[in-house]
Amino acid sequence: DQQVKQNSPSLSVQEGRISILNCDYTNSMFDYFLWYKKYPAEGPTFLISISSIKDKNEDGRFTVFLNKSAKHLSLHIVPSQPGDSAVYFCAASVSNFGNEKLTFGTGTRLTIIP
Amino acid sequence: KAGVTQTPRYLIKTRGQQVTLSCSPISGHRSVSWYQQTPGQGLQFLFEYFSETQRNKGNFPGRFSGRQFSNSRSEMNVSTLELGDSALYLCASSTGLAGGEQYFGPGTRLTVT
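Chains as they are written, first to last, in this note's numbering: chain A, 1 to 114; chain B, 115 to 227.
Each hint should be verified, as a subset may be incorrect.
[As the list claims (entries may be wrong)] Far from chain A by the CB rule (all over 12 Å, computed), these chain B residues:
| no. | residue |
| --- | --- |
| 1 | Gln131 |
| 2 | Gln132 |
| 3 | Thr134 |
| 4 | Ser136 |
| 5 | Gln151 |
| 6 | Ser179 |
| 7 | Arg181 |
| 8 | Arg187 |
| 9 | Glu196 |
| 10 | Ser200 |
| 11 | Gly219 |
| 12 | Arg223 |
[Said to hold, decoys possible] Computed cross-link-like contacts, EDC-like style, restricted to lysine to aspartate or glutamate with a CA-CA straight-line distance of at most 20 Å:
| no. | chain 1 | residue 1 | chain 2 | residue 2 |
| --- | --- | --- | --- | --- |
| 13 | B | Lys127 | B | Glu166 |
| 14 | A | Lys56 | B | Glu215 |
| 15 | A | Lys101 | B | Glu189 |
| 16 | B | Lys171 | A | Asp1 |
| 17 | A | Lys101 | A | Asp31 |
| 18 | A | Lys68 | A | Glu15 |
| 19 | A | Lys38 | A | Asp55 |
| 20 | B | Lys171 | B | Glu189 |
| 21 | A | Lys101 | B | Glu215 |
| 22 | A | Lys38 | A | Asp84 |
| 23 | A | Lys5 | A | Asp55 |
| 24 | A | Lys101 | B | Glu196 |
| 25 | A | Lys71 | A | Glu42 |
| 26 | A | Lys54 | B | Glu215 |
| 27 | A | Lys5 | A | Asp31 |
| 28 | A | Lys56 | A | Asp24 |
| 29 | A | Lys68 | A | Glu42 |
| 30 | A | Lys38 | B | Glu215 |
| 31 | A | Lys54 | A | Asp84 |
| 32 | A | Lys71 | A | Asp1 |
| 33 | A | Lys68 | A | Asp55 |
Everything labelled a hint here was simulated from the structure, so no lab data went into it. Ideal Cβ placement from N, Cα and C applies to all residues, glycine included.
Full structure from sequences and hints, please.
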């Protein structure tokens, strides 16, 4: 049972435009959501997170939006740069003490076209 | 501050053998989690150790085990290797106090032949 889903395996965006990556979840117990970026032969790098008490969090070019009623989150990258080309994973957790388990989506490969 | 380190980076083993992977967390982090990444299944949680105790466990068979030392370094062991165990094994460290961001190492690429 895939509790975190990224339905788009790949996405191509022109440099300078907005990249929007989507993620859906089914477990209503999840209350903390994260986005990671992964280059080949490297471990995932933490990008940005959001708690369920918020619906938006920004960090520079990256903004994450959370729609709890739809169990949907999205990552916006504006403007997109060639270095953003990577695989992006969304992850979710139940953020109580003692639980470090992250449940990951299957990833979306983002390609920025110069 | 040094990041999470994993050794070895690459490993080739034969079916039926066992393997031990090592992870050194970020200084001050007490929680180490292990994940398996395969093309078909994505990143799957194996287990998490905090203060030398296994605190969480994923849905993997008992052939997968781990431990954590007093300096927070962790090892993961896989016994009786199967071809399907070929994967990238990632460890991640965190403070372990509130659930949140985890910081990943570069991974160990295990190939079972």
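Check the structure against each numbered hint from earlier and tell me which ones fail, lowest number first. Violated hints: 5, 11, 12, 13, 18, 19, 24, 25, 29 and 31; rest satisfied.
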